[in-house]
Amino acid sequence: MSQARFDVLAVGNAIVDVLSPASDEFLAAEGIAKNAMTLIDEDRARTLYARMQPGKEASGGSAANTVAGVASLGGKAAYIGKVASDQLGEIFTHDIRTIGVHFDTPALQEGPASGRCLINVTPDAARSMCTFLGAAALVTEDDVEAGAEALKAAEIIYLEGYLFDREEAKRAYVAAAEMAAAANRRTALTLSDVFCVDRHRASFRHLVANHIDILLANEAELLALYETEDFDTALNAVRQDVAIAAVTRSEKGAVIVAGGETVTVAAEPVSQLVDTTGAGDLFASGFLLGIAQGRPLAEAGKMGAISAAEIISHYGARPDCSLKDLAEEAGIAFE
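In our numbering, the protein residues as written are -4 to 330.
These are calculated hints, taken from the structure and not from any lab test.
One or more hints might be untrue.
[To be verified] Taking CB as the label site, the calculated pair distances span: (1) GLU136 <-> ALA204: 33 to 39 Å; (2) GLY254 <-> ARG46: 35 to 41 Å; (3) ARG0 <-> GLU173: 33 to 39 Å; (4) THR93 <-> TYR44: 33 to 39 Å; (5) GLU163 <-> GLN267: 25 to 31 Å; (6) THR33 <-> PRO118: 42 to 48 Å.
[What the hints assert, rightly or not] In the DMTMM-like style, the derived pairs of lysine to aspartate or glutamate whose C-alpha atoms are separated by at most 25 Å in a straight line are: (7) LYS165 <-> ASP137; (8) LYS319 <-> GLU330; (9) LYS165 <-> GLU136; (10) LYS29 <-> ASP119; (11) LYS147 <-> ASP208.
Built from N, CA and C at the ideal position, the CB exists for glycine as well.
The whole structure should be built from the sequences, with the hints applied where relevant.
Written as structure tokens, this is what we have:
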């Protein structure tokens, strides 16, 4: 295997986030599912945006947030995702390149606008997301082929479950996983959302069992994947499917399994819980970088916990400070 140019290359929905404070009454009035992600069309996106309180706009997308975290930890990251040739697409491209992530997927010249996620954050820090995917959903095998050189040069290829809503994207994921395997690289997948798992359970189960080396999920997503209410049953099932699985459990921390090994990682303390947007994305940042660097499971998990704790202490799903500095303060050594 040749020397990796990147620690993590992610494939996902290139989205611009709009975060706004909201009440539970607003969610109910607008028919928004709390603490979940709901897909909406372009007309609904315009209408809802007009009704939301003033908020903060920032480039986002689950897997893009993850590679932003990898970069903040001092890792080498790359990204494959689709934006349109419009203002939001230019913002996304500028933002991800500015933080040091390699991104050169060709922009969509005709068709829907760039994707955006309207995130209403209630006082309990829950985030309720309404997403217009637009161009973001149009990742194809051609985009994977266009990014083949970078993909083959990445230690870990990370696939975002949210992108799984179109058959073209499913084929692109299989192509990426097969390309990674041929280059002797590892492929990771995040399940992204319970509703996402429910929509695509059979496809996810096939992908996980046949193409995935590393699985990331929260507890509810893992239970949904294996259609059980028993956590230990789900853990035993995922051990059979992948080499490594990391399962986050909010304030309970995380559980990592690899073969017969089980590692429990404590959640990092947070002085103020502001917004849980991106907690799983940033856990993945630290965890995947740790694995890419050959660190022990417990240390990789701690890197994930530190990264997640930083992100939930403020609005937005991109780090407000150097995650590498935070990790070093916690005793994690970097070369």
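Do the hints match the structure? See the list:
1. GLU136 <-> ALA204: 33 to 39 Å: violated (21 Å)
2. GLY254 <-> ARG46: 35 to 41 Å: violated (50 Å)
3. ARG0 <-> GLU173: 33 to 39 Å: violated (20 Å)
4. THR93 <-> TYR44: 33 to 39 Å: violated (25 Å)
5. GLU163 <-> GLN267: 25 to 31 Å: Since the Cβ atoms of GLU163 and GLN267 sit about 42 Å apart, the hinted range of 25 to 31 Å is violated.
6. THR33 <-> PRO118: 42 to 48 Å: violated (20 Å)
7. LYS165 <-> ASP137: OK: LYS165 and ASP137 at ~13 Å, within 25 Å.
8. LYS319 <-> GLU330: holds (11 Å)
9. LYS165 <-> GLU136: holds (9 Å)
10. LYS29 <-> ASP119: Status holds; Cα separation ~11 Å.
11. LYS147 <-> ASP208: holds (16 Å)
In terms of the numbered hints stated before, the structure departs from hints 1, 2, 3, 4, 5, 6, listed from lowest to highest.
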